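Engineer: Given next are the chains, with one letter for each unit.
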Amino acid sequence: MALLEIKDLHATVGDREILKGINLSVNAGEVHAIMGPNGSGKSTLAQVLAGRELYVVTAGSVTYDGQDLLEMSPEVRAREGIFLAFQYPVEIPGVSNMYFLKAALNTIRKHRGIDELDAMDFLNVVRDKMQIMKMDQTLLNRPVNTGFSGGEKKRNEIFQMAVLEPRLAVLDETDSGLDIDALRVVAAGVNAMRSAERAMIVVTHYQRLLNEIVPDFVHVLADGRIVKSGGKELAVELEAEGYADLYEEPEAVGRV
Amino acid sequence: MTQAPAAEPWMQALRDRAFARFSELGFPTTHNEEWRFTNVAPIARTAFIPVAADTLLACSEAVKELGPGRAEAHLARYAAFDENPFVALNTAFLGNVTVLEIPRGVVIEQPIQITHEVPERPDLGTKLAAHPRTLILVGEGAQCTIVETYKGAGTYFTNAVTEIVVGDRAVVDHYKLQQESLSAFHISTLQAAIGRSATFASHSISLGGALVRNDANATLSEGSDATLNGLYIVNGTQHVDNHTLIDHAMPHGTSHELYKGILDGQAHAVFNGKIIVRKDAQKTDSKQTNKNLVLSDDAVVDTKPELQIFADDVRCTHGATIGQLDAESLFYMQSRGIGKREARRLLTYAFAQDVVDRIKVQSLRDSLERILFEKFHELAE
Ligand SMILES: Nc1ncnc2c1ncn2[C@@H]1O[C@H](COP(=O)(O)OP(=O)(O)OP(=O)(O)O)[C@@H](O)[C@H]1O
Ligand SMILES: [Mg+2]
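Heads up: the protein sequence lines correspond to chains A and B, in order. For what it's worth, the working numbering labels the leading residue of the first sequence as 1, then goes sequentially. For what it's worth, the working numbering labels the leading residue of the second sequence as 1, then goes sequentially.
Calculated directly from the structure, the hints in this document are not laboratory data. Here the structure is a predicted model, which means the values were calculated and not measured. Beta carbons: idealized from backbone N, C-alpha and C, even for Gly. Heads up, a few of these hints could be off.
Unchecked claim - Sample of chain A residues facing chain B (criterion: CB under 10 angstroms; computed from the structure):
| no. | residue |
| --- | --- |
| 1 | Arg16 |
| 2 | Val57 |
| 3 | Thr58 |
| 4 | Arg79 |
| 5 | Phe83 |
| 6 | Leu84 |
| 7 | Ala103 |
| 8 | Thr107 |
| 9 | Asn211 |
To be verified - Within a straight-line C-alpha distance of at most 16 angstroms, the following computed EDC-like cross-link-like pairs (lysine to aspartate or glutamate) qualify:
| no. | chain 1 | residue 1 | chain 2 | residue 2 |
| --- | --- | --- | --- | --- |
| 10 | B | Lys151 | B | Glu117 |
| 11 | A | Lys110 | A | Glu165 |
| 12 | A | Lys110 | B | Glu342 |
| 13 | B | Lys279 | B | Asp313 |
| 14 | B | Lys274 | B | Glu117 |
| 15 | B | Lys340 | A | Glu53 |
What the hints assert, rightly or not - Here's a subset of chain B near chain A, in silico, CB distances under 10 angstroms, partners left out:
| no. | residue |
| --- | --- |
| 16 | Gly69 |
| 17 | Gln334 |
| 18 | Ser335 |
| 19 | Gly337 |
| 20 | Lys340 |
| 21 | Glu342 |
| 22 | Ala343 |
| 23 | Ala350 |
| 24 | Asp357 |
With these hints in hand, go ahead and build the complete structure from the sequences.
Structural biologist: Structure follows, in structure tokens:
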């Protein structure tokens, strides 16, 4: 049974339909890349999976680990192992990154029936992961994402993922705003987390990320639907040819 | 109401004048612009018996506690009672007066703690009113920290007046922690007269009380620096009104104001920040901010800046906001496994954080953090 099974998912914001029947099946151990033009609904799909109430699911179903995902609150989804790395991580002035992450980790551990960590143990866990992400330790003592550079925010997302150890990670344009070196560090962080138990959905516009994080499947999302799926070579094709073909009428395909 | 027993003649004369003035003024009504949003009828219609608050004073030996005799030259010279009926009332009941002097050039490290607690006196069979009065004279170039705490149990009325005279180049850090019972009435006036090139900061933390009105007034001299900060947290049917007045009388003064409020239930908060920049007060630099976080649909905020600027070469900025918890921040926290209630609590706490961070007295900051932690647990329920 797939870890995540999305069937005919429709979602709206206000009276506008953004997701228009998504079908996607993700097994544990797999990495799926989702590409597609701006505004096609990639972030919306990611946010719907994480439980953002702003988007209303009007039809379809999402099953996660055999359970109805859409019935769960966002925090329960997170505790059950879903993690979303935000395209635009949120700044929260006044809440320290350290306090925030410790609270998150301990609620998740509690949910999984593992002992909560005290401050010392937490620091030990965090230090290792920060090193992997080559993250400046002082970021821990600052308020969540507040005043972080674009790259620092993205790194912080993957750092949080490394600490929280999800079973399904959805990375929404984690590569945007990263310089070449940072991209390698982040990709290495992500690759270090690939395992037979864990699945990932990687949303990106660029092949260069997929050179580092090599996907098992590539899907193209256009206008709220997955219009094409394939292996990693599909990303290379898209890089060369763009999305233009996807918008043409079926009869027109192949005409020059 | 009856007056306290006769004291020294000058004080008795002062009381008599104040009593006469109060009789003329009467309790303010909401027709009075200064009291437009705060209806004190519940105080006016209650028969209170005046009592002395239990006043606990803890301070280093370098602080001189003066008898009221030495206070004649200063008492009631700063907090005028001709316009404010509650100051008149307090002055009419002078008796329980704390007078402190920090001699010129002396630096007092330990905070001076003044705690007023309205006693429980069931034997009196009626509600009590306390009129605590404090006068603090800070000498030229002296430095000190003052922490005033107000508390009590049951239904009573505290009507406090504090006058602080900040000598030239002195540095004074003042805190007022208002933790009255939730059925108490609390009216207070702080009047600071700030000397040349002196620095004065007051932080008003208002947590308790059913009906609360705080007036914090500061008059600046040349090159004075004044800070008035405040944090009010109200729930249920609590009403809190903060009026501030910063009077730039002389050139080169700077003032900063940051008042933040958190409201839940059907609470009502009022903020009125008056800034006067007089004709001679050129090069004044003044900033005022009032931010409110409203957690319920029924809480109400009335906020108003009141700038009266008579000089031309000045910089005055002000801003007020009324908002709710940020939905995106809440979702971000939830997406990391933090429960909605806990997320609300953390964000509420974060909102208060910058006022708390400005508190320099570690012990006060610690106890405030504890109090807020518990309070926000209730609010998040
Ligand atoms: N809260 C919202 N209110 C109104 N419209 C929205 C909202 N969120 C998303 N949309 C619209 O839905 C469409 C899909 O947006 P989405 O962010 O999912 O696109 P995307 O595929 O992630 O694009 P990009 O590649 O630019 O990140 C866009 O047209 C966007 O304007
Ligand atoms: Mg997007």
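Engineer: The structure should be examined with respect to each hint, and the outcome stated for every one.
Structural biologist: How the hints compare with the structure:
| no. | hint | verdict |
| --- | --- | --- |
| 1 | Arg16 | violated (19 angstroms) |
| 2 | Val57 | violated (16 angstroms) |
| 3 | Thr58 | violated (20 angstroms) |
| 4 | Arg79 | holds (5 angstroms) |
| 5 | Phe83 | holds (8 angstroms) |
| 6 | Leu84 | holds (5 angstroms) |
| 7 | Ala103 | holds (6 angstroms) |
| 8 | Thr107 | holds (5 angstroms) |
| 9 | Asn211 | violated (28 angstroms) |
| 10 | Lys151/B with Glu117/B | holds (5 angstroms) |
| 11 | Lys110/A with Glu165/A | holds (14 angstroms) |
| 12 | Lys110/A with Glu342/B | holds (15 angstroms) |
| 13 | Lys279/B with Asp313/B | holds (10 angstroms) |
| 14 | Lys274/B with Glu117/B | violated (30 angstroms) |
| 15 | Lys340/B with Glu53/A | holds (13 angstroms) |
| 16 | Gly69 | violated (49 angstroms) |
| 17 | Gln334 | holds (4 angstroms) |
| 18 | Ser335 | holds (5 angstroms) |
| 19 | Gly337 | holds (4 angstroms) |
| 20 | Lys340 | holds (7 angstroms) |
| 21 | Glu342 | holds (7 angstroms) |
| 22 | Ala343 | holds (8 angstroms) |
| 23 | Ala350 | holds (3 angstroms) |
| 24 | Asp357 | holds (9 angstroms) |
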